[in-house]
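Can you make the complete structure from the sequences, with help from the hints?
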Amino acid sequence: MRRFQLICLALLLTALPARAQDRLNVVASFSILGDFVKNVGGDRVDVTTLVGPNGDVHVYTPAPADAKKIADAKLLVINGLGLEGWLPRLLQASGSKAPIVTATRGIAPLKFGSDADPHAWQSVANAKIYVANIRDALRGADPADAAIFAANTQAYLTKLDALDREVREAIAHIPEQRRKVISTHNAFGYFAAAYGIEFIAPVGVSTESEASARDIAGIISQIKAQKIPAVFLENISDPRLIERISTETGARVGGTLYSDSLTDEKGPVPTYIELVRHNIKALTSALAN
Amino acid sequence: MIHDALIAPFTEFEFMRRALAAAIALSLGGAPIGVFLMLRRMSLVGDAMAHAILPGAAIGFLLSGLNLFAMTTGGLIAGFAVAILAGVVARSTGLKEDASLATFYLVSLALGVTIVSIKGTNIDLLHVLFGNILAMDDATLLVIASNATITLLVLAVIYRPLVIESVDPVFLRTVSRAGAPSHLAFLALVVINLVNGFQALGTLLAVGLMILPAGIARFWSRDITGMICIAVASAMVSGYAGLVLSFQTKVPSGPAIILVAAVIYVGSVLFGSVGGLFRQLFPGRHLEA
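Protein chains in written order, with the working numbering: chain A, 1 to 289; chain B, 1 to 289.
Hints were generated in silico from the structure; no laboratory data involved. In this text the structure is predicted, and so the values were computed from the model without any measurement. Possibly wrong hints are sitting among the right ones.
[Stated by the list, open to error] No farther apart than 27 Å at their CA atoms in a straight line, the calculated lysine-lysine pairs in the DSS-like style are these:
#: 1; chain 1: A; residue 1: K227; chain 2: B; residue 2: K250
#: 2; chain 1: B; residue 1: K250; chain 2: A; residue 2: K111
#: 3; chain 1: A; residue 1: K281; chain 2: A; residue 2: K227
[To be verified] Incomplete in silico selection of chain B near chain A, CB under 10 Å:
#: 4; residue: L44
#: 5; residue: L243
#: 6; residue: T249
Ideal Cβ positions, reconstructed from N, Cα and C, are used throughout, including at glycine.
What follows is the structure, given as structure tokens:
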């Protein structure tokens, strides 16, 4: 009996330090959330994203490898607000018991028609709520590293505050009557609400729906009537449609706006902060006189 | 009033004129092909070929990223390869054309999915490759128009062997050796028309504008020339009416065109002069002895 207790103690002693060095295995549903988790968790977490760089989270089809990733996860971070429509079935299939964090908890959703608009990360103020939610969740999953998470979060929130100021300053330089653009993908509702740039989209809130001739005609008439200065391509939807509208109206074609996904390391927007910077630069250069 | 509803959309908006031009070019090329597909009992071949094109598009994507030209070329090559291999196997062995085609397209589809997943992105390649009839740029329009021209010219050359083979292949084999080459040329035309149709309409709808008019024509004419004329005319009418419908009702244009064709098809099934249901139920007096 005594021997058994000794063995148990020995096992416990060897197991404890090993556990402290284990990184927390976190799965995020798409690349932008993954970036947030990386920034909060630092080197204490291993982040895997289900929808990788350049992927379209709206029309994603999960693979068996994704079920495995979720089954191995200690924590699952999702956006919520109906973005990950494919997730419930994947969860069921994976049999995962990992707690799920909805990063948008506490954000008042904008409405798009009768549904909530899920692209809340496009406003930097919302991104700060995402980060706070992720910090709380990580603390819950790994209380031992709470101090590290808090420090990382503080540093990241400071950067986000600076980013928010940067965006507001840049927009202040654009003349007020020129603060409107057309973009293929209606992902910028929160950005528009936060920073006062009007986004008009030819396609509905999801990339799945197809534009009708009436929609396109409406947009063309609108660009002509309201003298909208710029049209934007997007990294996911059909660029030809936007080019058609642009040649027909004479509106300037702006660069790419990134909405739903980061690019890989070599791309122009590997992190959330760079994504916002890239977008604001593209907007200001297209809208400036 | 009528002018506003039926003509004004086209005079007011250039994209509507371009869409109409594309629809007419597609009708000229696709509808005759559809008639021959139907006569040769290959109506579902279009659908199969649509899948066969994926690996070519995927290889184009691997080699040069999201480049429409590379992906289209790749799709053409893959489509040709599958069509020709299936044709050769069907002609040199006992396996029927539909069976060999099904085999090759499944292999091709599996290869395509594998190649895409090696690249590791989940961008919907078909979505990128396949365009929208409202987004016709000069290049796409030229490609569709030259495709229609080539189709009509080639059909004119292989018309006689093709017709004879459609109705009596054994007879053709006894009098001429033109059967096999003309069949392969015809399969090549199917592929060209599909790839070009995809650029304008998308997968399902490209096949639809090929097959539905052929089905319609079958109910109004007994001879092939008449059928081709009726098929082309009904495809053009569907294209025009579908665009108007899409303009007036917000139905996406591709589905609108096919729905109009479907309505004409149902009307033809009911009232068609050749084998329509009403004609069968109430045969005219002159048919009595």
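Here is what the structure says about each hint:
no., hint, verdict
1, K227/A - K250/B, "holds (24 Å)"
2, K250/B - K111/A, "holds (21 Å)"
3, K281/A - K227/A, "holds (21 Å)"
4, L44, "violated (24 Å)"
5, L243, "holds (6 Å)"
6, T249, "holds (7 Å)"
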